[in-house]
Structure formats: structure tokens, C-alpha cells
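Enquirer: As a plain string of letters, each chain reads:
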Amino acid sequence: AQKITQTQPGMFVQEKEAVTLDCTYDTSDQSYGLFWYKQPSSGEMIFLIYQGSYDEQNATEGRYSLNFQKARKSANLVISASQLGDSAMYFCAMRDYNQGGKLIFGQGTELSVKP
Amino acid sequence: DAGVIQSPRHEVTEMGQEVTLRCKPISGHDYLFWYRQTMMRGLELLIYFNNNVPIDDSGMPEDRFSAKMPNASFSTLKIQPSEPRDSAVYFCASVQGNIYNEQFFGPGTRLTVL
Chain A
1 AQKITQTQPG MFVQEKEAVT LDCTYDTSDQ SYGLFWYKQP SSGEMIFLIY
51 QGSYDEQNAT EGRYSLNFQK ARKSANLVIS ASQLGDSAMY FCAMRDYNQG
101 GKLIFGQGTE LSVKP
Chain B
1 DAGVIQSPRH EVTEMGQEVT LRCKPISGHD YLFWYRQTMM RGLELLIYFN
51 NNVPIDDSGM PEDRFSAKMP NASFSTLKIQ PSEPRDSAVY FCASVQGNIY
101 NEQFFGPGTR LTVL
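So the sequence lines, in the order shown, correspond to chains A and B. Taking this note's numbering, the leading residue of the first sequence gets 1, the next gets one more, and so forth. Taking this note's numbering, the leading residue of the second sequence gets 1, the next gets one more, and so forth.
Worth flagging that the hints you see were computed from the coordinates, not collected in a lab. Positions of the beta carbon are idealized from the N, C-alpha and C atoms, including for glycine. Wrong hints could be hidden among the right ones.
[What the hints assert, rightly or not] DMTMM-like, lysine to aspartate or glutamate: derived pairs with alpha carbons at most 20 Å apart:
1. A:LYS3 / B:GLU44
2. A:LYS16 / A:ASP86
3. A:LYS3 / B:GLU14
4. B:LYS78 / B:ASP57
5. B:LYS24 / B:GLU11
6. A:LYS70 / A:ASP26
7. B:LYS78 / B:GLU18
8. A:LYS114 / A:ASP86
9. A:LYS3 / B:ASP56
10. A:LYS70 / A:ASP29
11. B:LYS68 / B:GLU14
12. B:LYS24 / A:GLU44
[To be verified] Far from chain A, some chain B residues (derived; all Cβ distances over 12 Å):
13. SER7
14. PHE65
15. ASN71
16. SER73
The shape of chain A in the complex, shown without the other chains:
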């Protein structure tokens, strides 16, 4: 069965520094997509970045980049130049084409940015 693991329940980072949030996944399928979502204290789910299993280059979106290591089945999120507004829960998720496209979420990492 597909599974997403986020091993860091909570992380602290100093403002303006970079931080890496870990995500590992488990699937036997070749075709899948990996997503990161941000959930601030207000509760909404905000899409950050996407990486397809066949994409050879790591995805980047502004200050967000995804460190995709397929052989290790990891898809870590890197946030550069952290801002106070980055304080939130971050969820890694996987969509498996063979499972009809539903998202499977990790347990999340709570990031706190210190001034």
C-alpha cells in the first residue's frame, strides 16, 4: 500500500535561513505525483509545489524547491530565506495514477520561523 512518512513533527528555523522538511514515500508503482501543501493556522490548504515521478529535474516554485531522490523515495521540501509567514503545517502528499488519483497525505510537519 502507498504510504507517506514525515518524520519531523516540528521544526524551528531562524528567519532568513533555509530549511528542509523531510518526506519519504512508499509505492510499487512507476507513475505517481508528489505534492507539498501548506496549512497555516487559519486552516486552508495551500498548494506549494508538484513533482512528477518521471520529471528528471527537481521542481522549483519561487522560494520552494523539491529535492526529489527517486531511488531513495524521498521528496524533501526546501524553503529558502524563511519568512515569519512561513510558520505553518506542511503536508507531503502522493497521488498514484493506479489508485485513481487520490491523494495520500503524510502526518505533517509544523514549522515555526523565529525572528
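Please arrange chain B on chain A, whose structure you already have, making use of the hints.
Expert: Just chain B, lined up with the frame of chain A:
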């Protein structure tokens, strides 16, 4: 675009009562997903529709839960009878076409069952 709309945003009810949560997906999106978020279990997919047809309801916890999508612009998630363990935030999300595309989430409905 108004985004995914959910109502109500907050619902407080007593055990045994019927609860109906509503969702309006983004116009033109042909997939709709219902998720539940709790501290203990995180985010779980309950059911999803494609072109108004339920495709996978394996995440629906029990028969007390039911979901419908009578047309492309409206879906409901009903709990009857509700129980305190149903207290959670329920999210609706929609996506267009390619299932690899980003899912757009609604603001969620925070349900409290007393």
C-alpha cells in the same frame, strides 16, 4: 474565480443529529474529493467523484456517512446520526482534467459534535 466554496464554515451539533456539509467545486473541474482532518488520523480521503459519479468511497468510515453529487456544481456529505468522534475539519477539493493536476481545497467545515 471564487475557488472551492464550502458551507457552513462551522457547525456545532448534538450527538444523534443529522449533519449536512456542502461543497461547490470550481467551475469546470470534473473531480471532487471529500477529506477529513483530525489530530489523530491526519488528512484522510473519504470519497471522490469524477463527472458526478462516485469512483472510490473506500474511505467512508461507516454507513452513517453518505455523499452525493447531483450535478457538476454541488456536492453534499451527510452524517446521520452524528457522533462525537465525527468531530473534525472536513475539506472539499476539486481538480480539472488530468489527475496529476493540483487539487484546489475549500476552506473546510469545522464540525463539532457534542
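Enquirer: Are the hints correct? Go through all of them and say.
Expert: A quick look at each hint next to the structure:
A hinted pair counts as satisfied when its Cα atoms are at most 20 Å apart, and LYS3 of chain A with GLU44 of chain B qualifies at roughly 12 Å. For a cut-off of 20 Å, the pair hint linking LYS16 of chain A to ASP86 of chain A stands: about 11 Å separates their Cα positions. Note on LYS3 of chain A and GLU14 of chain B: the hinted pairing is violated, with a Cα-Cα distance of about 35 Å set against a maximum of 20 Å. Taking the CA atoms of LYS78 of chain B and ASP57 of chain B, the gap is about 13 Å. The hint holds against a cut of 20 Å.
Between the alpha carbons of LYS24 of chain B and GLU11 of chain B the distance comes to roughly 17 Å, so the proposed pair stays at or under 20 Å and holds. With a C-alpha separation of about 11 Å, the suggested pairing of LYS70 of chain A with ASP26 of chain A holds against the 20 Å cut-off. For the hint pairing LYS78 of chain B with GLU18 of chain B, the CA-to-CA distance comes to about 7 Å; that is within 20 Å, so the pair holds. With a C-alpha separation of about 10 Å, the suggested pairing of LYS114 of chain A with ASP86 of chain A holds against the 20 Å cut-off.
About 18 Å separates the Cα atoms of LYS3 of chain A and ASP56 of chain B, which keeps this hinted pair within 20 Å; it holds. For the given pair, LYS70 of chain A sits about 12 Å from ASP29 of chain A by alpha-carbon distance, which is consistent with the 20 Å threshold. For the given pair, LYS68 of chain B sits about 23 Å from GLU14 of chain B by alpha-carbon distance, which is inconsistent with the 20 Å threshold. A distance of roughly 16 Å separates the Cα atoms of LYS24 of chain B and GLU44 of chain A; the hinted pair therefore holds under the 20 Å criterion.
No Cβ of chain A comes within 12 Å of the Cβ of SER7 of chain B; the nearest lies about 15 Å off, and the non-interface call holds. No Cβ of chain A comes within 12 Å of the Cβ of PHE65 of chain B; the nearest lies about 16 Å off, and the non-interface call holds. Chain A leaves ASN71 of chain B outside its interface by the beta-carbon criterion, the shortest separation being 21 Å against a cut-off of 12 Å. For SER73 of chain B, the shortest C-beta to C-beta distance to chain A comes to about 21 Å, beyond the 12 Å cut-off, and the non-interface label holds.
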